[in-house]
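Chemist: Sequence:
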Amino acid sequence: MAGSTGWTEPATAGHAAAGDAQRRGSGQSTAYALAFTRTPGFQTPSEFLENPSQSSRLTAPFRKHVRPKKQHEIRRLGELVKKLSDLTGCTQVVDVGSGQGHLSRFMSLGLGLMVKSIEGDQRLVERAQRLDQELLQTLEKEEKRNPKVVQTGPRHPPHHVVRWVDPTTLCEELLLPLETSPQSRARLLLTGLHACGDLSVALLRHFCCCPEVVALASVGCCYMKLSDPGGYPLSQWVAGLPGYELPYRLREGACHALEEYAERLQKAGPSLRTHCYRAALETVIRCAQPELRRPGVQGIPRVHELKIEEYVQRGLQRVGLDPHLPLNVAALRAHQAQENRVVAFFSLALLLAPLVETLILLDRLLYLQEQGFHAELLPIFSPELSPRNLVLVATKGPLGEAFSLLETEDN
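Numbering (the UniProt record's numbering), first residue to last: 1 to 411.
Any given hint could be a false lead.
Stated by the list, open to error - In silico lysine to aspartate or glutamate, EDC-like type, Cα no more than 16 Å apart, as pairs:
(1) Lys396 - Asp86
(2) Lys69 - Glu384
(3) Lys83 - Glu407
(4) Lys69 - Glu47
(5) Lys83 - Asp410
(6) Lys225 - Glu245
(7) Lys83 - Glu409
(8) Lys69 - Glu259
(9) Lys83 - Glu401
(10) Lys396 - Glu370
(11) Lys396 - Glu212
(12) Lys225 - Asp166
(13) Lys64 - Asp132
(14) Lys64 - Glu134
(15) Lys225 - Glu252
(16) Lys64 - Glu142
(17) Lys69 - Glu260
(18) Lys396 - Glu376
(19) Lys83 - Glu376
Simulated from the structure, these hints should not be mistaken for lab results.
Could you put the whole structure together from the sequences, leaning on the hints where they help?
Modeler: As structure tokens, then:
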């Protein structure tokens, strides 16, 4: 199981509220000690030393259209899935919630795995198919330019399926093999890169109840979207804990990037003003439409250049309310005067984020182990690049020490 030590506490010098949060957060050392480590066990030079936007460990065709964060993620998870597939004798990988197919594309055309890619958004699937064809053409051109490159066999792009996966029911499409062999039945490996909310739970349930699924590699996210009940708790052990409940605010906080925020605190830049502005916007929303709870406000650019009333007007429009509602500007300015206290409050809440995520992931780990399966949590991404960096790996047969090989870097 992933360790519970080794977390590096972020520096908090910088913003005036940071020191206040640190003085008030006397329990932060306890929180860090109880949380799973998110520091990967491998130590290699950064793949972005030469170019901050291009991974040196991915070839150019697989970097195209892919942001640096995603380059790092698909490479690390793809390599882990390849090792896990070889160790468990899987015949097919199923990538659930595949989006534009970057992970599926790398696993199939880069690592030679047979991949089915399941995504509920038709537009994303169509784009993924266009990117598949573009990559195939690029690889064919490279082969013609460099005859020394030997292709060992036919290339199989991912097989894309448009399908929403209901976490409460069995998805037959997810289990259908791409190729059938009369000699042996399919052996499936389920994976999901930041499968949102209940989608990660659906992967666990399919792994548990379907004999053809022999391995799992799941990276979750969006814990605030978990069904309650249904998505948490899953294990009997966590369900038996007094006070195991995790309200929305705690689950939402567990999705924030602790390392990135610590850096923002150190720089003490004006971007921290966003928290105060968003809190002020919430008070206006609740006065205008009390039943509208937790509305998603898409990122408003260059917040630090806006007056607080301008931010509120744009925010109202983004949640479907009249941006010309009469505003009490004096009250908004009074909110703005509390900026340091808002940042301190957010910092304190963020100190608990690793502990909340640990409880959610521990619940999933124990859920699998209670049913007799072998499971581990491995930190495989750099937390500075990808904050949700713990992958839940599970198998139906013991792997022993081979588990430790999964998180190592390939040469």
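Chemist: Evaluate each hint against the coordinates.
Modeler: Results for each hint:
Under the criterion of a C-alpha separation no larger than 16 Å, the hint pairing Lys396 with Asp86 is consistent with the structure, at around 14 Å. Annotation: proposed proximity of Lys69 to Glu384 holds, straight-line Cα distance about 9 Å (limit 16 Å). Between the alpha carbons of Lys83 and Glu407 the distance comes to roughly 10 Å, so the proposed pair stays at or under 16 Å and holds. With a CA separation close to 11 Å, the supplied pair Lys69 and Glu47 stays within the 16 Å bound.
Note on Lys83 and Asp410: the hinted pairing holds, with a Cα-Cα distance of about 10 Å set against a maximum of 16 Å. Taking the CA atoms of Lys225 and Glu245, the gap is about 15 Å. The hint holds against a cut of 16 Å. A hinted pair counts as satisfied when its Cα atoms are at most 16 Å apart, and Lys83 with Glu409 qualifies at roughly 11 Å. Only pairs whose Cα atoms come within 16 Å are accepted, and Lys69 paired with Glu259 is accepted, the gap being roughly 14 Å.
For the suggested pair Lys83 and Glu401, the alpha carbons sit about 13 Å apart, so the restraint of at most 16 Å is met. At roughly 12 Å between alpha-carbon atoms, Lys396 and Glu370 fall within 16 Å of each other, so this suggested pair holds. Simply put, Lys396 and Glu212 have alpha-carbon atoms about 10 Å apart, close enough for the 16 Å limit, and the pair holds. Under the criterion of a C-alpha separation no larger than 16 Å, the hint pairing Lys225 with Asp166 is consistent with the structure, at around 14 Å.
Taken as a hint, the Lys64 and Asp132 pair is honoured in the structure, with Cα atoms around 11 Å apart against an allowance of 16 Å. Restraint check for Lys64 and Glu134: satisfied, since their Cα atoms lie roughly 10 Å apart, inside the 16 Å limit. Between the alpha carbons of Lys225 and Glu252 the distance comes to roughly 8 Å, so the proposed pair stays at or under 16 Å and holds. Simply put, Lys64 and Glu142 have alpha-carbon atoms about 15 Å apart, close enough for the 16 Å limit, and the pair holds.
For the hint pairing Lys69 with Glu260, the CA-to-CA distance comes to about 13 Å; that is within 16 Å, so the pair holds. Restraint check: the Cα-Cα separation between Lys396 and Glu376 comes to about 12 Å, which is no more than 16 Å; the hinted pair holds. The suggested pairing of Lys83 with Glu376 holds, with an alpha-carbon distance near 15 Å, which does not exceed 16 Å.
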